[in-house]
Amino acid sequence: MKLNRFASFAGAALALMICTCNVSAQTAEERMQWFKDAKFGMFIHFGVHNQSKFNPDFNAGQWARVAKMGGMKYVVLTTKHHVGFCLWDSELSEYNVVDQTPYPRDIVKDLAAGCEAEGLEMGCYYSIAEYNHPLYEPKYQNRPNRRSGTVPGADINKYIGDYMFGQLRELCELYRPCLIWFDGGSGFSNPVDKPLLRRQEMVDMLHSYGTLSNSRLGDDDSLKFVDYMSMNDNMAPDINLGICFESAVCMGKSWNYTANDTVKSPQFLIEQLVNIVGNGGNYLLNVGPDQQGVIPEEMQERLKIMGNWLEKNGEAIYGTEAGPYRYEINWGSITQRKNEDSTSLYLNVADWPTDGKFTLFGVNNPVIKASLLATGEPIKSESRFDGASGQSVITLDIPKDAPDEYVSVIKLDVAGTVSMDPAHMQLNDGKVILDTYNATIHDVQYVPGKPTKAIDMKMFTVPDRRPQLPSDTTGPWDYQMYKKPGEGIMPSRAITVSGFQTKGQALSWDFKVFEPGTYQVAIQCSGVNNQNANTKGKLRATVAGQSIENGLTFVDRGHAQLGKIQIDTPGTYTFTLEVASDFNSSPRYGSVVLVPVSQVD
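Sequence positions in the sequence shown follow mature numbering (1 follows the signal peptide of the UniProt record, and there is no 0) and run -25 to -1, 1 to 576.
Simulated from the structure, these hints should not be mistaken for lab results. Among the hints, a few may not be true.
To be verified - Straight-line distance between alpha carbons at most 30 angstroms, and here's what the computed DSSO-like set of lysine-lysine pairs gives: (1) 114 / 84; (2) 228 / 313; (3) 313 / 332; (4) 228 / 84.
The model shown is predicted, which means the values in this text are computed figures rather than measured ones.
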């Protein structure tokens, strides 16, 4: 039995770990910089459904060629999902592709070789939970009802310390992955259970191989240990979180292969790429090969289009940093590259103006030159300070027709390090988007240790109050599940706030307006499981010396209107949203949008 050989293997691996840990800091730091520069990766969800008949004619290295075609820099494979089936020839489990199928190849080994040949890095998805392992105690499952009761001989300490640590050392030894993509650890959400994961020891061990790890190693407060944040599944934040993150997103509707899946359009995918990178993150785009190992043709076509776009515009993506504007931009995104005495701003424009003018607000630096990135064609620019609204304005003379079918990039070189106004600004189409993540919170209660922002998890451990949720729960996992009435406004992992339900609580923002007028106050919020919020309370909006007080009128799921406000002159304003009368339950609030009435249906 392979399991009987664990002791000698683990002992040798532990000795190697001790010998290599003296180079861990430099290696991990270099790897982290590489990760930040890479920006774009392929996620592969692949499993073996019929083990006795699995014997396709394929080499997993083929996947690396598809990823390279798509402009991706790394590939992450589901080496072991929740059921525990291993896609490599593991010495610690016979439940693997080599021992349990007629297929004669080690899939992880082939993919690692393919990635090396294509100049890519390989990462390994690894599920902490393993439903059928004899040592895994059912109480730590990440999904309910997989197993129940007591399993004789189960011992979570042995599972983690011997089996999980052993397999991860094995993966690092055999394949030198750039990262371990942890998942399935929500069964350890109780703070008293988190030490079982031995997170600091785990991260130190991975760093000794130059291997990174994501925040699903225990979730919640795991950023105290790991290297970067994994967003919720299919979640791409619209704002700069101020932290290194990665968004794992399905290209279709399913993580795994589904016949006739609905694949997202090239426009959507390229826009999502530039928006994620513009907000400081990496884009991990998922594909699901079929049981013959073939990535669906439609997905390959999408990747070819993305690769072609990146061939022309990759300078705006690879090796860049988040743009200087921290808030949501509805025309595209901004990325930047800091040079010796200047900064290159890349305006990734999805909504190309048709009047031949593009206006950028808030950048205070002198313009050195402007051009279309793909062709180098120069663009005329004009800079001025608008005294009425109190902000710098750069106007660019651009072609009336968009240079690119999907996203066109303007390269704007400015002197020095970018200085940009910190206030929310009115966007080119006249809207003002005020996200709750960056709101100033005015609470009526104080809770020690409560996070001040949605991703401020280094200082926060979720209290042990998670309720039993229905099996069909589809809403985003966030702190609302742990909150009890009376704790006040609670930022959430879903980049929203909840607990905003008690009279006297308020959120406020400073913003600048260059075009006065009448605006509809639109509220983006939802209730449990993304249904419409409970509307039996009232909100009060105050701005420019006027207030409106109403309940929420929903025009669509998650989209409500509060009423209209008038702003008569350009300038800087403070918008305050206050709970005027109690809500029975706590909606999740994502943003407040001031929409010019001319755009309201």
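Going through the hints against the structure:
{"no.": "1", "hint": "114 / 84", "verdict": "33 angstroms, violated"}
{"no.": "2", "hint": "228 / 313", "verdict": "37 angstroms, violated"}
{"no.": "3", "hint": "313 / 332", "verdict": "26 angstroms, holds"}
{"no.": "4", "hint": "228 / 84", "verdict": "29 angstroms, holds"}
In this structure, the earlier hints numbered 1, 2 are contradicted, and the remaining ones agree with it.
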